[in-house]
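S.K.: Taken in order, these protein sequences are the chains called A and B. Counting from 1 along the first sequence, just add 1201 to a position and that's the residue number in our numbering. Counting from 1 along the second sequence, just add 1201 to a position and that's the residue number in our numbering.
Source of the hints: derived by calculation from the structure; they are not laboratory data. Incorrect hints may appear among the rest.
Because identical chains cannot be distinguished in the list, a pair is counted as satisfied if it fits within a single copy or across any two copies.
[Claimed, not checked] Straight-line Cα separation of at most 25 angstroms, SDA-like style, residue types lysine to any residue; simulated pairs: (1) Lys1300 / Ala1216; (2) Lys1365 / Glu1206; (3) Lys1300 / Arg1227; (4) Lys1300 / Gly1225.
This structure is a prediction, so every number in the text was calculated from the model and none was measured.
Number of protein chains: 2
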Amino acid sequence: MKRTEYPVAIRELIAQLRQMPGVGPRSAERIALWIVQARNEQPAGIARAIASTRDTIRPCLQCGFFATADLCEICADDSRARELLCVVEQPTDILPLEKTSAFRGRYHSLGGRISPLDRVAPEDLRIASLVERVEKEAPSEIIFALAADVEGEATTNYLVALLKKYPVTLTRIAHGLPAGGGLESADELTLSRALAGRTRL
Amino acid sequence: MKRTEYPVAIRELIAQLRQMPGVGPRSAERIALWIVQARNEQPAGIARAIASTRDTIRPCLQCGFFATADLCEICADDSRARELLCVVEQPTDILPLEKTSAFRGRYHSLGGRISPLDRVAPEDLRIASLVERVEKEAPSEIIFALAADVEGEATTNYLVALLKKYPVTLTRIAHGLPAGGGLESADELTLSRALAGRTRL
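Next comes chain A alone, as it looks inside the complex (with noise of 0.2 angstroms):
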């Protein structure tokens, strides 16, 4: 007996929805018998929405934020400090950082981090580009706010090496205890590092 199935653009459309991360097989499925069933125009706007961002938005030229012109809202935006400069991994880790309200500077997107692993090389990331900034902006202090492991910590150390020759102070994000932690929830490297990161009180 032939085991009866959806038509054929419904299952395509159900691996087209699978691969949007997050979304398992009983999710897109879901969506997708939404989107067949629905008795209005959400679905069309939903696909003009996907097709014209892909069009509209593209990497600000000078840090790699999220943009609609050559430069992002936060380059444009002259009341920024010059003097400090924060690389982050991802054009995502910026939003984050903004919504502390603790820091007035600049960005610099790597695009990423150097990972054998994933052979991504530093040729890949974008640091020629930060260099020139920081021959052409001179900042003061340069805050690296990488992520807290192995890659995170090489491709940091990586940057530190090249860019120590310059008059600029290169300053971490602290390491340590999260908001809230206990230290019977901490790990021991997250202790440790709490530990050798301890501040005069």
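With chain A held as given, fit chain B onto it using these hints.
M.R.: Just chain B now, with coordinates in the frame of chain A:
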């Protein structure tokens, strides 16, 4: 200080994606950033699949299941028994029944159930075409497989009253303990239905 946000196009995309079922603000943001940053043609493929599925898929003129022609795969299959007709609420209820491999008849999807609260009256459902099929196809048995809740029951009762004048056996799928469910986890209504529906051993 003005808060930096994503460019309007990204925020618009997030708002669009949030309309999909099961997609909350965080997963919408995650999917949107994936769409913006993907270096391949996957997002364009998804947009095309959404748009084209909407154009390709339509309800089967006979049973209401998903079809790409006038008749769906099931209605077009002549090896299917015409004597057995299974009435369901939604076209999406058909595949779960198919997966059991326990039914080789035909289906009729009502497109919903009678619900005064949601302003769904009998005229809003595919009831006229059900009556027409009963007259034309003269099935020997109609199995009602609607939800085991108040509105599902009420709709079943309405249809039974409407169809009892025809020479056809009217049945309903059993209500009782779900497979693997113990007595301690069953609610009172399920248990009383399981008792009422007891079968001789």
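S.K.: Now look at each hint and say whether the structure bears it out.
M.R.: Here is how each hint holds up against the structure:
In this assembly of identical chains, the alpha carbons of lysine 1300 and alanine 1216 lie at most 25 angstroms apart only when taken from different copies (20 angstroms versus 35 angstroms within one copy). Taking the shortest alpha-carbon separations for lysine 1365 and glutamate 1206, neither the intra-copy value of 62 angstroms nor the inter-copy value of 33 angstroms comes in at or below 25 angstroms. Taking identical chains as interchangeable, the C-alpha atoms of lysine 1300 and arginine 1227 lie at most 25 angstroms apart only when they sit on different chains, with a minimum of 15 angstroms there against 34 angstroms within one chain. Within a single copy, lysine 1300 and glycine 1225 get their C-alpha atoms only as close as 30 angstroms, which misses the 25 angstroms cut-off; across copies the closest is 20 angstroms, which meets it.
Violated hint for the displayed structure: number 2, the only one.
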